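Protein sequence lines, in the order shown, are assigned to chains A and B. Note that our numbering gives residue 99 to position 99 of the first sequence, counting from 1, and the numbers run on in steps of one. Add 1000 to the 1-based position in the second sequence for our numbering, that's all there is to it.
Note that these hints are calculated values from the structure, not bench results. Note that the structure is a prediction, hence the values are computed from the model and not measured. For each residue, glycine too, the CB sits at the ideal point set by N, CA and C.
If you want a taste of the chain B side facing chain A, the calculated C-beta under 7 Å gives, among others: (1) I1009; (2) V1011; (3) M1035; (4) L1042; (5) A1045; (6) F1068; (7) T1087; (8) V1088; (9) P1093.
The following residues of chain A were derived to be distant from chain B, with all beta-carbon distances above 10 Å: (10) W61; (11) D100; (12) R102.
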Amino acid sequence: MSNWIDLLSWLLLMAGSFFGISGGVGMLRFPDFYTRMHAAGVTDTLCAVLILLGLMLQAGWGLVLIKLFLILALLLLTSPTATHALGRAAFHSRLQPLLDTREKLASKS
Amino acid sequence: MFAVAAGAILVAIGLALIHAFRGPTLYDRILAVNMFGTKTVLLIAVLGFLGGRPDFLDIALVYALINFISVVAVLRFFEYSRFRFITVPPGIPRNDTADE
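Excised from the complex, chain B in its bound form:
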């Protein structure tokens, strides 16, 4: 039962990694990394139950905190960035006429 759930979470992590490598804009990558982090928290919790050692839940709790803080920090760094060729690469529709 726990093994099936862990396998499904691993499949979801693999899909998130594919999107993180492929995604055209920077925000697609951040979205994939955020999902990766949430799935990792769940994976650590399920693996603790799978091995019969629920002590791993402390690590899952800390990982959830670190994941949220890192995502918000990266977003604050890139929110008003001037490096538009990094955040939204050429070829993606962009609203350049809007006010700064």
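Excised from the complex, chain A in its bound form:
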């Protein structure tokens, strides 16, 4: 029984690590600020949830589990809020999204 919990925890931690690194790579590789925000924001939340769930499985019943749950709830509340505020601030400062300009160019020529 304990081996299964260890295996599940290991899988969750590895999945969280994968999403963390892929979020970092996506933030460096995507062409535009809004797409970079998508890569960083989505994988950030998923990485935090998976890693904290993996730690919860290792913690067992007790105060540690409650603290991990508090951190998880706080991150789930604040991380999307921060990403939303960031996108709104960028849009208000008139940062233009990268648009597909092929149609406009075809109609112009």
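Fit chain B to the known structure of chain A by using the hints.
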């Protein structure tokens, strides 16, 4: 197991730092710093388990609060800023014809 997770989080922190130094607009830097903060919370939690001392979780909780408040404060400061050459440097497409 925890060491592998901690190493992966450190790699992600390194990528976020590269983006924070390189990113053309101010918002790219804020995005990278936000990701840095979230990854730091996870790193503190994982390091507590790695060392066998889960007391570090209190520090992780406080760091999550501080990270969110600082990001929102910086964003409120720059949201309606007139210093466009700081927030969106020249060369980046900008919608200057929109209403104020």
